[in-house]
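J.: Full structure from sequences and hints, please.
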Amino acid sequence: MSKEKFDYFIKGEKGKYEVVIGLEVHAQVLSKSKLFSGSSTKFGADPNNQVSLIDSAFPGMLPVINEECVKQAVKTGLGLNAKINNYSVFDRKNYFYADLPQGYQISQYKNPIVGEGKVLLDMPYGSKEIGIERLHLEQDAGKSIHDMDPSNTYVDLNRSGIALMEIVSKPDLRSPDEVNAYIKKLRSIMRYLGTCDGNMQEGSLRADVNVSVRKEGDKKFGTRCEIKNVNSIKFMQMAIQYEAARQVELIESGQEINQETRLFDTKKNETRSMRSKEDAHDYRYFPDPDLLPLKLEQKLIDDIKKSLPELPDKKKERFIKEYGLNTYESNVLVSDKEISDYYEEVAKLSDKKLAATWMMGDLFAMLNERGLDISKSPISAKHFAELVQSIKSGEISGRIAKEVFEIMLETGDNPKKIIDSKGLKQQSDPKELEKMINEILSKNKDKVDQYKSGKEKLFGFFVGQVMKSSGGKANPQLTNEILKKLLNG
Amino acid sequence: MSLDKEKIKHVARLARISVDEAKVESLTKDLNSIFKFIEQLNELDTDKVEPLTSILNQSLRSRKDEVNDGKIREKILKNSPKKNEEFFVVPKVVE
Numbered sequence: 001m002s003k004e005k006f007d008y009f010i011k012g013e014k015g016k017y018e019v020v021i022g023l024e025v026h027a028q029v030l031s032k033s034k035l036f037s038g039s040s041t042k043f044g045a046d047p048n049n050q051v052s053l054i055d056s057a058f059p060g061m062l063p064v065i066n067e068e069c070v071k072q073a074v075k076t077g078l079g080l081n082a083k084i085n086n087y088s089v090f091d092r093k094n095y096f097y098a099d100l101p102q103g104y105q106i107s108q109y110k111n112p113i114v115g116e117g118k119v120l121l122d123m124p125y126g127s128k129e130i131g132i133e134r135l136h137l138e139q140d141a142g143k144s145i146h147d148m149d150p151s152n153t154y155v156d157l158n159r160s161g162i163a164l165m166e167i168v169s170k171p172d173l174r175s176p177d178e179v180n181a182y183i184k185k186l187r188s189i190m191r192y193l194g195t196c197d198g199n200m201q202e203g204s205l206r207a208d209v210n211v212s213v214r215k216e217g218d219k220k221f222g223t224r225c226e227i228k229n230v231n232s233i234k235f236m237q238m239a240i241q242y243e244a245a246r247q248v249e250l251i252e253s254g255q256e257i258n259q260e261t262r263l264f265d266t267k268k269n270e271t272r273s274m275r276s277k278e279d280a281h282d283y284r285y286f287p288d289p290d291l292l293p294l295k296l297e298q299k300l301i302d303d304i305k306k307s308l309p310e311l312p313d314k315k316k317e318r319f320i321k322e323y324g325l326n327t328y329e330s331n332v333l334v335s336d337k338e339i340s341d342y343y344e345e346v347a348k349l350s351d352k353k354l355a356a357t358w359m360m361g362d363l364f365a366m367l368n369e370r371g372l373d374i375s376k377s378p379i380s381a382k383h384f385a386e387l388v389q390s391i392k393s394g395e396i397s398g399r400i401a402k403e404v405f406e407i408m409l410e411t412g413d414n415p416k417k418i419i420d421s422k423g424l425k426q427q428s429d430p431k432e433l434e435k436m437i438n439e440i441l442s443k444n445k446d447k448v449d450q451y452k453s454g455k456e457k458l459f460g461f462f463v464g465q466v467m468k469s470s471g472g473k474a475n476p477q478l479t480n481e482i483l484k485k486l487l488n489g
Numbered sequence: 001m002s003l004d005k006e007k008i009k010h011v012a013r014l015a016r017i018s019v020d021e022a023k024v025e026s027l028t029k030d031l032n033s034i035f036k037f038i039e040q041l042n043e044l045d046t047d048k049v050e051p052l053t054s055i056l057n058q059s060l061r062s063r064k065d066e067v068n069d070g071k072i073r074e075k076i077l078k079n080s081p082k083k084n085e086e087f088f089v090v091p092k093v094v095e
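For the record, the sequence lines run as chains B and W. Okay, so the first sequence: first residue is 1 according to the numbering used here, each after it adds one. Okay, so the second sequence: first residue is 1 according to the numbering used here, each after it adds one.
Worth flagging that the hints you see were computed from the coordinates, not collected in a lab. Be aware that one or more of the hints could be misleading.
BS3-like, lysine-lysine: derived pairs with alpha carbons at most 25 Å apart [what the hints assert, rightly or not]:
hint, chain 1, residue 1, chain 2, residue 2
1, B, 93, W, 92
2, W, 75, B, 143
3, W, 75, B, 268
Label pairs and their in silico Cβ distance ranges [what the hints assert, rightly or not]:
hint, chain 1, residue 1, chain 2, residue 2, range
4, W, 12, B, 201, 56 to 64 Å
5, B, 7, W, 17, 50 to 58 Å
6, B, 308, W, 35, 49 to 57 Å
7, B, 382, W, 74, 49 to 57 Å
8, B, 177, W, 15, 24 to 32 Å
9, B, 229, W, 35, 19 to 27 Å
10, B, 43, W, 12, 33 to 41 Å
11, B, 286, W, 37, 16 to 24 Å
12, B, 256, W, 82, 38 to 46 Å
13, W, 50, B, 382, 53 to 61 Å
Glycine is no exception: its CB is placed at the ideal position from the N, C-alpha and C atoms.
T.: Structure (structure tokens):
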């Protein structure tokens, strides 16, 4: 793969500006019950039906931590190559909002459960390491619904108290493309680990985006703005583009950038100041007196480490080595655990390289078109492998394979049965082919003469005729060889 | 540390406590003398002492990941000043 150069700058009138981005990703922990209460975390329940007296902050209720959520955070930390802290503390982060019944969020401030780590990104200009500052556990807030009533806001506390992992990156990202790669990588790692489903539509993965700009070559960071709660990669990218351009404009017109919290308006494609959050940074953190410090036995951490599955980076290397794939193919096929599992099943039963090509081509196109995950693929890995093998062995051509693929989709039959019952086997007998080609040539004497007098483009016409009269079953390679021999001989 | 009147008003706003303008003066005085009393603690050298989060010599109690609570919407909504069958209803808050 040719290496491109990194080139994402905002061009102002007075020069080029580099964009500096840091992300605070909020990932919902996969667990049955909430971080400090026994209510369900299931998405899509009736409003306020998964709320306990703890989640709604009734007086006198005490939080008790869910041990599974702790393990999930440790697992994620290990997946991010991060330091796990044996000692961490829960703090109260105080702010006032209708969907936060406690008036504070239980979070971790000075002593998070996970410290520094790193994530590797494969960019067109090479691999890039993004630093992780920390990961901490905290409670999610409830949900405010503004569009059901013109004069009131409705509050649903089902989400209140679900465990979140806040994953804070270092300000190492430099473009919307890198943000895209970073979020996808985090998502992929957490899905491999089974610690977060990464479902952005359901809000399981959201991010606060910190953006600043500086003149190319400057060492000092500019003043940053924080764009709150962006819930899709596309919106993150749009918000960054808008915000960076806004900041450059301010700088060039000699104005100051206020360090502030902004929100991204998806309808207007702009960010704007959130005045209501003026006091937001006055959180008055203090250790939660209802919770003792969280101490982790080293054995627990070691045991979790031993149980970790193979993660995307390792699997990618293995796919390159074991299956002879290139970096691109390997990256695509390991991006999702289900995809990699499907591929390995197919590769075990058929040609490894051809399997990758056909999966990334026709299979992905079909899944995409139908909006299906690979786990719901109408074609099983076993059948798909048989199809790949039929192409590899020369039994059918690539063109016929596409036809068989369509019939497999419709009928669910295995490719062998389809090839046999429809008589789709490739014609690979040289004698038969030669006979057919001779017939075609004698029917088209005029074209043969034209070809021989130099109109070589007509070669394609002859190939077409052979395919037509064989119903597409003539072995393309043999056809080419025989045609060349007969026409030039 | 000493507090001025502005700080008192700010803290009151953060805590959602309404403070009479007439009372700000005396509140400032009272709170400052309380702070002065507490600040005696600063005489102690704590440079080499780890911050203490709890005085209990116990570790955090935990629970298994089981769903055993919820489905008590009526109870949850009961004390709300304004509600409908499903939601808490609050004054419009829109950015």
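J.: Hint by hint, note whether the structure agrees.
T.: Against the structure, the hints come out as follows:
no. : hint                     : result
1   : B:93 / W:92              : 24 Å, holds
2   : W:75 / B:143             : 19 Å, holds
3   : W:75 / B:268             : 41 Å, violated
4   : W:12 / B:201: 56 to 64 Å : 41 Å, violated
5   : B:7 / W:17: 50 to 58 Å   : 54 Å, holds
6   : B:308 / W:35: 49 to 57 Å : 50 Å, holds
7   : B:382 / W:74: 49 to 57 Å : 52 Å, holds
8   : B:177 / W:15: 24 to 32 Å : 45 Å, violated
9   : B:229 / W:35: 19 to 27 Å : 37 Å, violated
10  : B:43 / W:12: 33 to 41 Å  : 39 Å, holds
11  : B:286 / W:37: 16 to 24 Å : 20 Å, holds
12  : B:256 / W:82: 38 to 46 Å : 42 Å, holds
13  : W:50 / B:382: 53 to 61 Å : 60 Å, holds
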